[in-house]
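A.B. asks: The lines below spell out each chain.
Number of protein chains: 2
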Amino acid sequence: MSTPIRLAIIGAGSAQFSLGLVRDLCLTDSLRGSTICFMDIDQSRLEMVHELARRYAAELGAELRFEATMEREPALREADFVLNTALAGGHDQEEAERALLQEHGYYRGIHLADMVRQFDLMLGLARDMERLCPKAWLIQSSNPVFEGCTLVTRKTTTKVIGLCHGHYGYREIAHVLGLELKDVTFEAPGFNHCIWMTHFRYQGRDAYPLIDRWIEEKAQGYWRTWRPRYGQTQMSPAAIQMYQLYGLMPIGDASRALWAEVWWYHLDLAAKVRWWGPLGGFDSAEGWQLYLDDLARNVQQIREVASDPRRRVAEVFPPSKSDEQILPIIDALVNDHPGYFQVNVPNQGALQGVPDDVVVEVPAMIDGKGIRPLAVGRLPKRIMLGVMWPRLLEAERRLAAFLSGDRRDLMQLLLADHRTRTWEQAEEALDALLTMPGNEAMARYYAK
Amino acid sequence: MSTPIRLAIIGAGSAQFSLGLVRDLCLTDSLRGSTICFMDIDQSRLEMVHELARRYAAELGAELRFEATMEREPALREADFVLNTALAGGHDQEEAERALLQEHGYYRGIHLADMVRQFDLMLGLARDMERLCPKAWLIQSSNPVFEGCTLVTRKTTTKVIGLCHGHYGYREIAHVLGLELKDVTFEAPGFNHCIWMTHFRYQGRDAYPLIDRWIEEKAQGYWRTWRPRYGQTQMSPAAIQMYQLYGLMPIGDASRALWAEVWWYHLDLAAKVRWWGPLGGFDSAEGWQLYLDDLARNVQQIREVASDPRRRVAEVFPPSKSDEQILPIIDALVNDHPGYFQVNVPNQGALQGVPDDVVVEVPAMIDGKGIRPLAVGRLPKRIMLGVMWPRLLEAERRLAAFLSGDRRDLMQLLLADHRTRTWEQAEEALDALLTMPGNEAMARYYAK
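Chains as they are written, first to last, in our numbering: chain A, 1 to 448; chain B, 1 to 448.
Next up, chain A with everything else stripped away, as it sits in the complex (with noise of 0.2 Å):
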């Protein structure tokens, strides 16, 4: 059996993303005969993936429509499911505020106005698909997936999950304990970015002593000797110290993009480095600047492929299906093929302790019937104290900051951040931000 989907891409233009979900979508049998529909405002970058997309699909001999527009009406007419990806403003401007709230002793800056921006494309987004696709279902894969989500499922009727990686991270610490991964067995609930490993077992047993030996046999001769790359911050300092204060392993992202919780991993170049390597981790300015040059080489590699028709695009996408969620799980609501997943969705009670209007990230059970959270209890007081409710209360300031159009509440985000010395370095900080090149609707709105 199969099902022909159409998909919207938002923010398609990222060839890396779009083309390995064609190749899945390739390698996805009970899809067939669906049509991807590609949306991006850069064309030249739109053209290009609508190209491969053909050029691949034809190598495979999968039987896929692909289509191709700058305007968001078409691409969600008729569509049964949207994929957003897209970061509105870019890499570039987001670099600049970066420095700019550094100048101001943010050291590697302050989500604030790439928040606002990202906010505001999803909440158009998802109001578009109430008007023109009402059926659909959103797919939010681009950050942030935590408040992003929230906003819509509050905001729209829009039907909205939340996708991220973070949660294998688990078979990080299986690879570095020496476990198969074939026997191994976790449940990470929270927040995405922001998930604890409740379970982890082994061959059908608790794992967690098997952390604990680790950490006391070999995590100090792991760290002299290790160079990380700058996604492994799974058994870094940083995540071990987490374990051992709040007593459950911070899953993925969870070791890395907590600012406000655990600040002192995020201080300055030297904190970065005591707690991630010597990289200093994702969020250094060398760590991330890395990420940059590795999607930048990846597009370059695809660009290179695009210029020359006789290139296979298999080249730099060998077909061999990825571990994303995206497909297995549209195949599994369209197809009702059951299958077990990490899905940031509405709580509906999943996670205890956490009001229902709140978007978690919890194991869910997908088939044709829906998305059906799994009931994952309560985490522990000590991290609900002090890192779920702290989280929650950044991601409800950021939400109304952005719907009050009150500079005062783009201020109280400033003044919570632990580096902000003075209320006037938090001003001024701000003051900068709004009066920078690229924020100026941002700065009407906040001065109303």
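No wet-lab data here; the hints were simulated from the structure. In this text, all values refer to a predicted model and were calculated from it rather than measured experimentally. Check before you lean on any hint, since a few could be wrong.
Heads up, the list lumps identical chains together, so a pair's fine if it works in one copy or across two of them.
What the hints assert, rightly or not - Listed next, the in silico DSSO-like pairs over lysine-lysine satisfying Cα-Cα at most 30 Å (straight line):
#1 K448 x K381
#2 K448 x K218
#3 K218 x K321
Got chain A; can you put chain B on it based on the hints?
C.D. replies: The following block gives chain B in isolation, referenced to the frame of chain A:
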């Protein structure tokens, strides 16, 4: 009609407080025939209070009985009301802890050891009441009222009501604006020491515009010449900035006692002087010392009267009723005399958006049928996100740290403090606190 009651005062050695209450009781005819049992662990202060109470009642011809005990059990037995004014450990220990933490970078200290002592005393007292006087009301007047009453509510069946004077701060606003107090009404719900004036009326009309005009036309001149005493923080630059930031006036202690949320007022003496005038407010070294000196001076006056049986107690306690709510509330309850009070009681929906098992400060109607808080609705979102949630989070962390006996929960409190610059600073401060004289029991508890 008069109904004699048995009232136990725990921590009765504070002569100023106890004799003030005796004065009010002498002047409350409807409680004629009542018994006060003074309880304190300081024998000489206890005896002085006991003796002065007898003399004072005799002077005024009041029909009252007095007892004194150094044990809790005889004080509680048969009690109708138990008034807790005790400060476990006393001011000297508290000052020593402040000085020590200041050496570690926490200007004017941080509530940790004092908090644990107070919780221990409050919970122990409420548990003894469950056994010895299960129908009695516990009236909690020593701090922390917010956390203490919440703790007692959650962990015992003892009925608790917390009282404070902070809400009278609206009178200082009226005074500075030149309004006739009798024509002013107000409402200021929240948590104890974190209340926000939702209503302020003069002769029936909204009087907030009078505050706005004062800020525009008179505030600068007022601040140029003011020489506030420690208690006068209600119209300080800090209070007005909070009003401008959050949209409602903070009332009473809310204008000075919030630390975690408005850290920029508390960084150092210069900040305190800027925000609370030349003395630096209630909580600067100088302001607090003035308060302690005033306390000492009062005690000295009282001692002089005590040591000379020919002098009248009424010299230091002129027989006119205070605005203390304690006896009017008791009168309302036992004599069914309805009254409108500001109390701290379990929320049960009075303040929307706050869990039911949290004690809130709200207006209440009190009479023979009990204490009925008024439904005050919601506080504005900016106050909830900026102050109420963070304050509740701090309270929950303090209670968790008290109940767990886990050192990590104390670390979490220190790490959350905006003044903490490094993990090591927090560790060292905590080590110092736990090894200082007077904190041996606490050190054992957290060494578990």
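A.B. asks: Are the hints correct? Go through all of them and say.
C.D. replies: Now for the hints, and whether the structure bears them out:
Taking the closest pair of Cα atoms, K448 and K381 come within 30 Å of each other only across two copies (18 Å); inside a single copy the shortest separation is 41 Å, beyond that limit. For a Cα distance limit of 30 Å, the shortest separation of K448 from K218 across copies, 27 Å, qualifies, whereas the shortest one inside one copy, 57 Å, does not. With identical chains, the CA atoms of K218 and K321 are never at most 30 Å apart, being 34 Å at best within one copy and 71 Å at best between copies.
Violated hint for the displayed structure: number 3, the only one.
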